[in-house]
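In the order they appear, the protein sequences are chains A and B. Residue numbering for the first sequence follows our numbering, beginning at 1 and increasing consecutively. Residue numbering for the second sequence follows our numbering, beginning at 1 and increasing consecutively.
What the hints contain is simulated information worked out from the structure, not anything from laboratory work. Don't take every hint at face value.
Stated by the list, open to error - The list that follows gives simulated cross-link-like pairs (lysine-lysine, DSS-like), each with its CA atoms no further than 30 Å apart:
| id | chain 1 | residue 1 | chain 2 | residue 2 |
| --- | --- | --- | --- | --- |
| 1 | A | 531 | A | 74 |
| 2 | B | 69 | B | 210 |
| 3 | A | 351 | B | 210 |
| 4 | A | 289 | B | 356 |
| 5 | B | 289 | A | 219 |
| 6 | A | 351 | B | 356 |
| 7 | B | 219 | A | 219 |
| 8 | B | 161 | A | 351 |
| 9 | A | 351 | B | 289 |
| 10 | B | 161 | A | 282 |
| 11 | B | 156 | A | 356 |
| 12 | B | 351 | A | 289 |
| 13 | A | 219 | B | 110 |
| 14 | B | 219 | A | 356 |
| 15 | B | 356 | A | 156 |
| 16 | A | 356 | B | 282 |
| 17 | A | 356 | B | 351 |
| 18 | B | 69 | A | 356 |
| 19 | A | 282 | B | 210 |
| 20 | A | 356 | B | 356 |
| 21 | A | 289 | B | 289 |
To be verified - Interface residues of chain A toward chain B, partial, derived using beta-carbon atoms under 8 Å:
| id | residue |
| --- | --- |
| 22 | 166 |
| 23 | 170 |
| 24 | 194 |
| 25 | 197 |
| 26 | 198 |
| 27 | 287 |
| 28 | 348 |
| 29 | 352 |
| 30 | 355 |
| 31 | 588 |
| 32 | 636 |
Ideal Cβ placement from N, Cα and C applies to all residues, glycine included.
There are 2 protein chains.
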Amino acid sequence: MLADGEIDLYFSQLEKCQDKVTGAKEVTDGEISIAFQPSGRRGTASPDKTILEIARDVGVEIESVCGGKGVCGKCRVRIESVGPAETPEALPVSPPTEAELRLLGQQLLKSGMRLACQTFVRGDVQVYVPEESRRATQVVRKEASERTVPLDPAVKVLEIKLQPPNLEDLQADTDRLLSSLAREHGLANLECDLEVIQNLPATLRQADWKLTAVVWQDKHVIAALSGSQPAPVLGLAVDVGTTTIAAYLVDLTTGAVLATESAMNPQVAWGDDVITRMQHAKQTPGGAKELQEAVISEINLLARKATERVGASTADIFDVVMVGNTAMHHLFMGIDPAPLLAAPFAPAVQKPLDVKASAIGLGFHPGCRLHVLPVEAGFVGADNVAVLIAERPYDQDEILLLIDIGTNGELVLGNRHRLLSTSCATGPALEGAHLEFGMRAAPGAIERVRIDPQTLEVKFKVIGLEGWNSDYEGSEIGARGICGSGIIEAVSEMLQAGVIRADGGFSTNLNHPRIVLENGRPHKFVIAWAKETALGRDITVSIKDIRAVQLAKGALRAGAEILLRTLGVPKPDRVILAGAFGSYIDVEHALAIGMFPDCPLDRVTSVGNAAGDGARFALLNRERRREAEWVARQVEYVELATRKDFMTEFVKAMQLGQENPG
Amino acid sequence: MLADGEIDLYFSQLEKCQDKVTGAKEVTDGEISIAFQPSGRRGTASPDKTILEIARDVGVEIESVCGGKGVCGKCRVRIESVGPAETPEALPVSPPTEAELRLLGQQLLKSGMRLACQTFVRGDVQVYVPEESRRATQVVRKEASERTVPLDPAVKVLEIKLQPPNLEDLQADTDRLLSSLAREHGLANLECDLEVIQNLPATLRQADWKLTAVVWQDKHVIAALSGSQPAPVLGLAVDVGTTTIAAYLVDLTTGAVLATESAMNPQVAWGDDVITRMQHAKQTPGGAKELQEAVISEINLLARKATERVGASTADIFDVVMVGNTAMHHLFMGIDPAPLLAAPFAPAVQKPLDVKASAIGLGFHPGCRLHVLPVEAGFVGADNVAVLIAERPYDQDEILLLIDIGTNGELVLGNRHRLLSTSCATGPALEGAHLEFGMRAAPGAIERVRIDPQTLEVKFKVIGLEGWNSDYEGSEIGARGICGSGIIEAVSEMLQAGVIRADGGFSTNLNHPRIVLENGRPHKFVIAWAKETALGRDITVSIKDIRAVQLAKGALRAGAEILLRTLGVPKPDRVILAGAFGSYIDVEHALAIGMFPDCPLDRVTSVGNAAGDGARFALLNRERRREAEWVARQVEYVELATRKDFMTEFVKAMQLGQENPG
């Protein structure tokens, strides 16, 4: 059991977590002359690109927490000569920078070690990327689901044929277009974007007075394209998570998802968690702009990749829907996040926003619109609203408990009669961060764990390999750490095998090679032996790791219990797990440690990235936008901080196991 | 009488007129070390400014048609040493540029002549500005009239006090502001500009939750200012004429005109007339942008001067109304003017436009809106609509003939039952351009002329002197040319004195020192003797000048006659002369040559810059904007080009005198 002091400490740590988390981007191959080892990739070097940039171009992933600013010192590489060995000073690379002197020191520099982000290549070299600098591409689990919605997008595509003016009919081009849209499509009182008016004369005359009008919300003509639908009319649904950004490219005339792209949120370079980022935005001049530009340029990049994949262009994107938690929402829109940093944590805006996508730097069609779903309250953001319009508990009789676990946990409980929501500081432990061997869901991460209660022998699976560890030779396994779903299983199996007790402490009566002692007391449990890892040392779960899982689980469970009590029901009829984490955890193991209220297994559903689905539905169906605006106002936000019963619930809920001693 | 061929030639010339017309900007005194002669102004030189720029800074006006691009060669000055005379090569100025070699040649350069726009000063020099390079500041006659309109501006200013959020009331800042505006001011369904939302948290917390909301058209919150109306809320009415730009700075909370600023339209550097400018926009890549930026930056400058004059800032401007002829309108808004260059001359847009002022580069408050009055048809533009909402013929029983003479002539005839309009190519003669001694209404321009029918002696008045020429010694008079009102009087007086006949030709039976012969035939009439001028030669009116006046007058009169015929009335009940020219011509003289249909003198009114008044009324009264939109659609445009009777009318109307032989 944790003392109150520890709980406070935990919360204060949650606000300051600044561990390094790094992102992975998709890359394409190219021609480069520099040779990277051990991957063996090579091509032609470019004199104005750092080794880090060249590596990215050819798909060699090098760790870089600070994003290439020469601050974190993580992108260490060793420069080697391609011909006969030479001294590091003689190698054809740029001289060491001050940042390198500071972060590496003379000794490492003399050994040929350099920072990839600081070094330019001037001639043929070989670059060795040591294990600790290699970055594994995270498995971003945010595919669009198969679910569909009736097609009624905000952006409509209309073909028009106009009569040219003559001396008897001198109507102006713009007024002519608007009259025709009113007459033939019943769209009265339309306005034209200035850009449309500016270019309409040329468009009409080039296209022999035939054009395709793109109309937004039956209100604005946002584009006039030459001829009969000369290019696809695309939309982009964007889910900006604290850690991951997912973008779904959709054909607005068919509703089909054409491509999905995702990437780490580049804002992680300014801090893992939303609080650190918002503090940066508040305290650093230009900080908010910096964070906004980082996420916007990443979305521009994702859009370029997605459109290129289908032979289109970003200029074919005419509508964007964005969802995200309140902090992501504010930083994305360039809105002062200061009120979210102090009680009572009121957001700057709740209502949905409609602006031109160009207003915040999205580089799509000049007429492209951006719709941002409404925020519910405080930290229950537009992402949660998106989950609601995807799952529609407001349309059902059953009491649903919606759990969306990302970097923060968000809960909604209720049905058509009443909906409650809250947010809990689950912290990053459930994403595999802040644990001794924690890592994100990337190749090499232990994601499944089984412990034999009799022998305490461990079976595990790592991402990237088909079978269990026992199916491979030790050296083939190459485990690198434990991801979120892995830690849940590990703790749950340790509990069920009697390695730990319900209060999280180690059982004292055990003696086993896997139990590591410290000062004579059990302290860690070995999941993978050194030989099964790529690290050369045992991968363990420590008492501190278990505490982190307890805190996260406790916060989530306490939130759920308080919602149930507020609604006056003992338990939900259904549990829906949303978010990438919800898709990959093993429900039985999660239930076994009591992560959420007990519920028959067949009443627990994983819905994947429901926030992304909600964004896509809002892109394709205007009614869902209206529902979102309505439901955001309907949901009653339960502020846990003001609940007298929260601390008691929280302490109880940290017990591992389903029998919540409430 | 002109032959048909001459008429065609005239029209083709109208389309190609590219004579140099230059502008005058207000300047302020400053410290400069360079000494200008003959004005004697001096101060401290700046090494990165050309002599032209330094001259502007100290208020020495030097002719510059091309705006300092080294193209026109008009800004010739002579560099002189301040101490003992030195050779030009030894003077402390930058070496001649290629432009100077081309435009001045070696000989002039050797004499010390330079182009002011190409020359930088490196040490003490004296700069002599020869007469032909001196530019007189035009008397811009576009003061706001005293007329007022009921105050109901599109932009309203509302003071608001909000309750800060607390744990029981977590409403977001933006939603809180909107609820309060709905509750206290009855403004439901307001939208907030993104910039307002972005900065609202800081604004509210700095101002202790008291703010001033600026609301546009009861639809959008365009600004939220800290505290109770911390700064004035200003509007700007802008009349963009082909030649002159006038800007009226208005207090939107009182309706008072705080300042008026005007300047030459800098687009004259690309051509006097709208056709040349639009051709530049169409044919030159980036040409449209260039023309737009020229006029926008001039308006930004006028706004800065006007706001500084009243101790305010351009950021205090929240609403702008722009009027102008269709070409000015299109170029100002960045709209492709190509359709105005070819039959049937349909504009790109007729309806009124509402955009953010920043969308076209106006540097006012970020939320500032821009309203552009509607265009009527073809070349009858938003300036004519502005005249209509200032004069409101649609509200009257009397048949009004509205004549707006600028670089083009626009006519409206009618009353509440029917309104007709047309435009006539009056050309620049009526503005004093394209005449042998024509000049704009600037100091030294002859503006009044009297000819004694007995003696043919001439009395005249020049702008800048109180009395007639006979009140001064010859050298004090310093006439420099004839402006628009002067040429009308000169021609009218020459007709009445029998110097010329009704067909415009010189009477052959006269013998007088003022009549100059060419090949034995009368050719010119002397208005001012050389000694009365600043030019050192006689200022005359030639047969060619008379022809130009006839063509302009003929076009205007023919247009009026065709409107009368179309409406089915013999003559108007009232004539209203709008525009600067209309304010300064002598009505009796204009009637005497038959510029417009006969009408009792007391039924002819000059209303000054009615277009500017209309723009100001639209800024201050939303009903006038609605009237403008309505009347622009009501007015029937009469296309003279399609009228079979136009050429006959035109040829008749070129007769000088009121007895129009129709």
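Verification of the hints:
For a cut-off of 30 Å, the pair hint linking residue 531 (chain A) to residue 74 (chain A) stands: about 25 Å separates their Cα positions. With a C-alpha separation of about 51 Å, the suggested pairing of residue 69 (chain B) with residue 210 (chain B) is violated against the 30 Å cut-off. A distance of roughly 21 Å separates the Cα atoms of residue 351 (chain A) and residue 210 (chain B); the hinted pair therefore holds under the 30 Å criterion. Note on residue 289 (chain A) and residue 356 (chain B): the hinted pairing holds, with a Cα-Cα distance of about 22 Å set against a maximum of 30 Å.
Distance restraint check for residue 289 (chain B) and residue 219 (chain A): the Cα-Cα separation of roughly 28 Å lies within the 30 Å cut-off, and the hinted pair is therefore satisfied. Annotation: proposed proximity of residue 351 (chain A) to residue 356 (chain B) holds, straight-line Cα distance about 22 Å (limit 30 Å). With a CA separation close to 15 Å, the supplied pair residue 219 (chain B) and residue 219 (chain A) stays within the 30 Å bound. A distance of roughly 21 Å separates the Cα atoms of residue 161 (chain B) and residue 351 (chain A); the hinted pair therefore holds under the 30 Å criterion.
Of the supplied pair hints, the one linking residue 351 (chain A) and residue 289 (chain B) is violated, its CA atoms being roughly 37 Å apart against a limit of 30 Å. Between the alpha carbons of residue 161 (chain B) and residue 282 (chain A) the distance comes to roughly 25 Å, so the proposed pair stays at or under 30 Å and holds. For the proposed pair residue 156 (chain B) and residue 356 (chain A), the alpha carbon gap of about 25 Å is at most 30 Å, so the pair holds. This hinted pair does not check out: residue 351 (chain B) and residue 289 (chain A) have alpha carbons roughly 37 Å apart, beyond 30 Å.
This hinted pair does not check out: residue 219 (chain A) and residue 110 (chain B) have alpha carbons roughly 67 Å apart, beyond 30 Å. For the proposed pair residue 219 (chain B) and residue 356 (chain A), the alpha carbon gap of about 17 Å is at most 30 Å, so the pair holds. A distance of roughly 25 Å separates the Cα atoms of residue 356 (chain B) and residue 156 (chain A); the hinted pair therefore holds under the 30 Å criterion. Using a Cα cut-off of 30 Å, the hinted pair residue 356 (chain A) and residue 282 (chain B) holds, with the two alpha carbons roughly 28 Å apart.
For the given pair, residue 356 (chain A) sits about 22 Å from residue 351 (chain B) by alpha-carbon distance, which is consistent with the 30 Å threshold. Of the pairs offered as hints, the one joining residue 69 (chain B) and residue 356 (chain A) is violated, with about 38 Å between alpha carbons and a cut-off of 30 Å exceeded. Restraint check for residue 282 (chain A) and residue 210 (chain B): the C-alpha separation of about 22 Å stays at or below 30 Å, so the hint holds. Distance hint between residue 356 (chain A) and residue 356 (chain B) is fulfilled; the C-alpha atoms sit about 12 Å from each other, no more than 30 Å.
Note on residue 289 (chain A) and residue 289 (chain B): the hinted pairing holds, with a Cα-Cα distance of about 29 Å set against a maximum of 30 Å. Interface restraint check for residue 166 (chain A): the shortest CB-CB distance to chain B comes to about 5 Å, inside 8 Å, so the restraint holds. Restraint check, residue 170 (chain A) versus chain B: the minimum CB separation of about 5 Å is within 8 Å; hint holds. Below 8 Å, beta-carbon pairs count as interface contacts, and residue 194 (chain A) has one with chain B at about 5 Å; its hint therefore holds.
A hinted interface residue such as residue 197 (chain A) counts as satisfied when its beta carbon comes closer than 8 Å to some beta carbon of chain B; here the least separation is about 5 Å, so the hint holds. Interface hint at residue 198 (chain A): satisfied, since its Cβ lies 5 Å from the closest Cβ of chain B, which is below the 8 Å cut-off. With 8 Å as the threshold, the beta carbon of residue 287 (chain A) stays out of range of chain B, its nearest partner Cβ sitting at about 14 Å, so the hint is violated. At about 5 Å, the closest approach between the beta carbon of residue 348 (chain A) and any beta carbon in chain B falls short of 8 Å, and the interface hint on this residue holds.
Violation of the interface hint for residue 352 (chain A) is found here, the shortest Cβ-Cβ separation to chain B being roughly 11 Å, above the 8 Å cut-off. Interface restraint check for residue 355 (chain A): the shortest CB-CB distance to chain B comes to about 5 Å, inside 8 Å, so the restraint holds. With a cut of 8 Å, the hint placing residue 588 (chain A) at the interface with chain B is violated, because the nearest CB-to-CB distance is about 37 Å. With 8 Å as the threshold, the beta carbon of residue 636 (chain A) stays out of range of chain B, its nearest partner Cβ sitting at about 11 Å, so the hint is violated.
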